[in-house]
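Asks: Spelled out, the chains give:
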Amino acid sequence: MAKSQVAMKVNGKAVEALVEPRTLLIHFLREQLSLTGPHIGCETSHCGACTVDLDGKSVKSCTVFAVQANGADIRTIEGMANPDGTLHALQEGFREMHGLQCGFCTPGMILRAYRLLQENKNPSEEEIRYGISGNLCRCTGYQNIVKAIQFAAAKLNGVAFQEAAE
Amino acid sequence: MIPGSFEYHRPSSVQEAVGLLAKLGDDGRALAGGHSIIPMMKLRLATPAHLVDLAGIAELRGARTDGSDIVIGAMTTQHELAASELLGSKIPLLREAALQIADPQVRYMGTLGGNVANGDPGNDMPAVMMCLGAIFHIVGKGGQRRVAARDFYQGAYFTALEAGDVLTAVRIPVPPAGHGYAYEKLKRKIGDYATAAAAVVLTVSGGRVATCSIGLTNVAETPLWAEEAAKILVGSALDAATVKRAVAAAEAITSPASDARGPAHYRTKMAGVMLTRALDRAKARAR
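Protein sequence lines correspond, in order, to chains A and B. Add 342 to the 1-based position in the first sequence for the working numbering, that's all there is to it. Add 556 to the 1-based position in the second sequence for the working numbering, that's all there is to it.
No lab work stands behind these hints, which were simulated from the structure alone. Be aware that one or more of the hints could be misleading.
[Stated by the list, open to error] Straight-line Cα separation of at most 30 Å, DSSO-like style, residue types lysine-lysine; simulated pairs: (1) B:825 / B:839; (2) A:351 / A:497; (3) A:463 / B:745; (4) A:463 / B:646; (5) A:399 / B:839; (6) A:399 / B:745; (7) B:839 / B:787; (8) A:345 / A:355; (9) A:399 / B:787; (10) A:399 / B:598; (11) B:598 / A:351; (12) B:646 / B:579; (13) B:745 / B:598.
Please put together the full structure from these sequences, using the hints given.
Replies: Spelled out as structure tokens, the structure:
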């Protein structure tokens, strides 16, 4: 089967490659670009571990063909840290609030939370829970993930983070 | 899970897409948001030799007013439906239903056209379209035609679409200002299809139902338009006895499968419960 030429921007860098049309974006990112931050979890569009940001949308990269992303601007967890190497507010939030245990869901959670905060700078707890409802975590029970996102929202808004009373 | 090999096409106009699909015949499938067909391809339950991606066709996106109707391009995503100010103010049922489909990531990719054209009885928008009296715009080898949503669904995955057809837009008559609406969906978890769901649009005049339309999701091989149930409600004040009769009429037209979502009789009863709740909320919203 003829391969297709694709060109896209990944974490700010221009990338060109030949792909089989059937190559899923997650496989392209992991195997051709060696970006192994996006994880393969369920492979059935449920778990969200493969979530990346694509042209201002959170997408499950296991359910997008790389050819569909031709011309797109993509961000993965590898592109989240600030240009000076310091952690993005979301990464810092997950560290400070213990938003992970095994860490498998974390890249997808952070990329989904990134888009959520782009669209809603000050989400309520309910909005955060609804916003990450396409991402599964089997360790944390989500409490600390919600706190991590609240921490990041506060930091990005330049206000002090106040943890809600338990 | 790796899909079978296929050739990828990305036409830039509807005419080009229709030409390609007509030429490819059974070997070709249209690709919209991909969130139904790609999972099927990964399981090798679908192995199209050619995919015709409709994402490059600009005219298939966005919503516009046309007289007393709103016309929505088939490639408009569920996320865009939910975010649209125009639709939120004129046809708020669409936003309410869109936000109950799958999860945020899927809604960024999944399209209205794909949802209604696929013929999957689990999809939510088909019953919503029946409820709203939508008309589907279809372009095929023989030119353009329009088919009412209420006449479109023939069986599970069987619709009025023929090989080479592309569903290009959905035309919805704007319901009267002050109408009540609701989409009630029972599901086991986020991302699941409905165990049963009900869409309601009604208008109230002098405390009585003036018009009413009801759609039911995933309780038969096709979405259902519960015409008889709606007729029973017209003229009533939505009193408990009349609602009970209407719910019985709606339950009577269901024929759900027994599956992991529950046995058939349970799903029929849940359709009735969803309808009762949708009627309550629609009534409370009607002005």
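Asks: All hints are to be evaluated individually against the structure, with a verdict given for each.
Replies: Evaluated hints:
no. : hint          : result
1   : B:825 / B:839 : 21 Å, holds
2   : A:351 / A:497 : 28 Å, holds
3   : A:463 / B:745 : 27 Å, holds
4   : A:463 / B:646 : 27 Å, holds
5   : A:399 / B:839 : 36 Å, violated
6   : A:399 / B:745 : 23 Å, holds
7   : B:839 / B:787 : 16 Å, holds
8   : A:345 / A:355 : 22 Å, holds
9   : A:399 / B:787 : 43 Å, violated
10  : A:399 / B:598 : 22 Å, holds
11  : B:598 / A:351 : 26 Å, holds
12  : B:646 / B:579 : 40 Å, violated
13  : B:745 / B:598 : 23 Å, holds
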